[in-house]
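Using the hints provided, position chain B with the ligands relative to the given structure of chain A.
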Amino acid sequence: MEYFLQQLINGLTLGSIYGLIAIGYTMVYGIIGMINFAHGDIFMIGAFVSLIVFLIVIGLGVTWIPLVLLIVLLVAMLVTSAYGWTVERLAYRPLRGSFRLAPLITAIGMSIFLQNYVQIAQGARVKSLPPVITGGYTLMEVDGFTVQISNIQIIIMIVTVVLMAIFAYIIARTPLGRAQRATEQDAVMASLLGINVDRTISLTFVIGAALASVAGLMFVLYYGVIDFYIGFIAGIKAFTAAVLGGIGSLPGAMLGGLIIGLIETFWSAYFSIEYKDVAAFSILAIVLIFLPSGLLGKPSVEKV
Amino acid sequence: MSSTDAGKQPAGRPILQVQGVDAFYGHIQALHGVSLDVHYGEIVTMIGANGAGKSTLMMTIFGHPRARNGRIIFDGWDITDEPTHHIARRGISLVPEGRRIFQRMTVLENLQLGAELAPDSHFDEDLAFVYSLFPVLQKRQNQRAGTLSGGEQQMLAIGRALMGKPRFLMLDEPSLGLAPLLVQQVFDALRQLNEEHNMTIFLVEQNAWHALRLAHRAYVLVNGRVTMSGTGKELLEKEEVRAAYLGGGH
Ligand SMILES: Nc1ncnc2c1ncn2[C@@H]1O[C@H](COP(=O)(O)OP(=O)(O)OP(=O)(O)O)[C@@H](O)[C@H]1O
Ligand SMILES: [Mg+2]
Chain A
249 MEYFLQQLIN GLTLGSIYGL IAIGYTMVYG IIGMINFAHG DIFMIGAFVS
299 LIVFLIVIGL GVTWIPLVLL IVLLVAMLVT SAYGWTVERL AYRPLRGSFR
349 LAPLITAIGM SIFLQNYVQI AQGARVKSLP PVITGGYTLM EVDGFTVQIS
399 NIQIIIMIVT VVLMAIFAYI IARTPLGRAQ RATEQDAVMA SLLGINVDRT
449 ISLTFVIGAA LASVAGLMFV LYYGVIDFYI GFIAGIKAFT AAVLGGIGSL
499 PGAMLGGLII GLIETFWSAY FSIEYKDVAA FSILAIVLIF LPSGLLGKPS
549 VEKV
Chain B
58 MSSTDAGKQP AGRPILQVQG VDAFYGHIQA LHGVSLDVHY GEIVTMIGAN
108 GAGKSTLMMT IFGHPRARNG RIIFDGWDIT DEPTHHIARR GISLVPEGRR
158 IFQRMTVLEN LQLGAELAPD SHFDEDLAFV YSLFPVLQKR QNQRAGTLSG
208 GEQQMLAIGR ALMGKPRFLM LDEPSLGLAP LLVQQVFDAL RQLNEEHNMT
258 IFLVEQNAWH ALRLAHRAYV LVNGRVTMSG TGKELLEKEE VRAAYLGGGH
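Sequences listed follow chains A and B, in order.
In this text, residue positions in the first sequence follow my numbering: the first is 249, and each later residue adds one.
In this text, residue positions in the second sequence follow my numbering: the first is 58, and each later residue adds one.
Next comes chain A alone, as it looks inside the complex:
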């Protein structure tokens, strides 16, 4: 039971990170009906920018950790958003209205480019960050087995909940959110009402990238090591989460992220750590076959 509780905490932490990445997939799919295959690498960029800025800020002699984290967070969001914006401008916008597979090919190209670019610029070996946020709480202790929640886990969950709340508010209540939902449903009609559809789509990529950068920062803080390849693995899992939750559905992305995080953690804990990545892929295959519209997704055939 204690072991189970401990895995639950670990799984929810991991799931929060996947959920934040999954939002980017689901939002972009919602608005342009296509998967952004470079999104996993945007997350990877976010992690690298976080790590580099972290080392720079520390190197400059700033030692108060909350301030350091705030600076890292802001810079990472800004820089990563710029990457997200660029992906849309280079890989998607020029090909809008061309055949459906074309932007997928360019996006995969972008993905490969980003991986190689980071590999060349930062080296192929893992980069590490010494633990910055340490400590935690022991929740219970039975027969020498302890259930712990670390401070970093608490931070990850709180940040995720706060971001989700802000984000849900933007989508549901602000003119930008309305413009996004309108563009999603009928882009031409949205433009007839004066909505700048190109800008709305750009902002969707930017918001997705900003959330992915936060996920990247938390990933660095949580695991302490990253390499140029993390975007691929985490990207596939977050994509699975988005599909599982119902691609296009925002609560679905978060739910899917949590489920994937939990499955992966329990799989490693109870079966074998070797095949933990296979678990995500198997789920993706099963969901696509039996539940193509996902848990919270809308059915693909809609009354017009």
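Think of the hints as simulated: they come from the structure by calculation, not from any bench.
Note that the structure is predicted; figures quoted are calculated from it, not measured.
The beta carbon of each residue, even a glycine, is placed where N, CA and C say it ideally should be.
Any given hint could turn out to be false.
One side of the interface only, derived from the structure: several residues of chain A facing chain B at Cβ under 10 Å [claimed, not checked]:
1. Arg426
2. Ala427
3. Glu432
4. Val436
5. Ala438
6. Leu441
7. Ile443
8. Arg447
Computed footprint of chain A on chain B, listed as stretches where at least three residues anywhere in the stretch have a Cβ under 8 Å from a Cβ of chain A [claimed, not checked]:
9. 141 to 147
10. 159 to 165
11. 169 to 179
Chain B with the ligands in isolation, oriented as in the chain A frame:
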């Protein structure tokens, strides 16, 4: 007397000029050198058979599809190649064919989207105005627009267009699917908007009888070409028009 007499026709300064416009869908040409003018304060209607190109013309004014040849001038500005949302921001609203309301959003959200271009300070006033025209929308304001009846959706599409406080309102078959009583109500509302709020209106209608009686001037479109024009009254009296568009019965 409900028909507009020609004497009240406003002085002619064009707000919209369409000059020799061609439009294509792929290789199919839908408009052939269409030219027409709408003047400030006028109600102008365009009648034509199914497939004549009426909806295409309205969408071409907004750049969907783009005019291939010719020019479109609005309020003195050449808008032929402007991005669609810029054209909208010049103060043109369209109630498009098929309504195109945002089904998965609430009635109120649809109206808010229509008001994206109007200053926030006007919002309450404009909303009250739309609700006074179509009280049913107020009752349904938090309902998903996709669950409205066809007629209610039509009212929402008109209300949404009005929320932008347009100077120039285009309507593509606004009476489609409405009960006769409501058709009368919509046409009365258009007349009221024109007379009391000085709104210029460009109208495409199946219901040629209603439209020609309402309009100051009218154009007839046949296979993508303007073949006739004149005051509403003149066209109503023309034998060809009566035979082709009024069922000869009136
Ligand atoms: N999206 C499209 N793709 C290809 N052809 C189209 C498209 N839309 C319209 N057309 C063609 O263009 C011509 C004009 O169509 P349009 O919809 O403008 O006619 P309309 O006068 O509005 O007819 P209706 O009274 O039936 O609404 C028709 O021949 C139609 O088949
Ligand atoms: Mg039509």
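Cross-check of the supplied hints:
1. Arg426: holds (6 Å)
2. Ala427: Constraint on Ala427 of chain A satisfied, holds at 7 Å.
3. Glu432: Since the shortest Cβ distance to chain B is 9 Å, the answer is holds.
4. Val436: holds (6 Å)
5. Ala438: holds (8 Å)
6. Leu441: Holds, because the Cβ-Cβ distance from Leu441 of chain A to chain B comes to roughly 6 Å (cut-off 10 Å).
7. Ile443: With a closest approach of 6 Å, the Ile443 of chain A hint holds.
8. Arg447: holds (9 Å)
9. 141 to 147: holds (count 4)
10. 159 to 165: Since three or more residues must qualify, the claim that chain A covers the region 159 to 165 of chain B holds, with 4 doing so at under 8 Å.
11. 169 to 179: holds (count 5)
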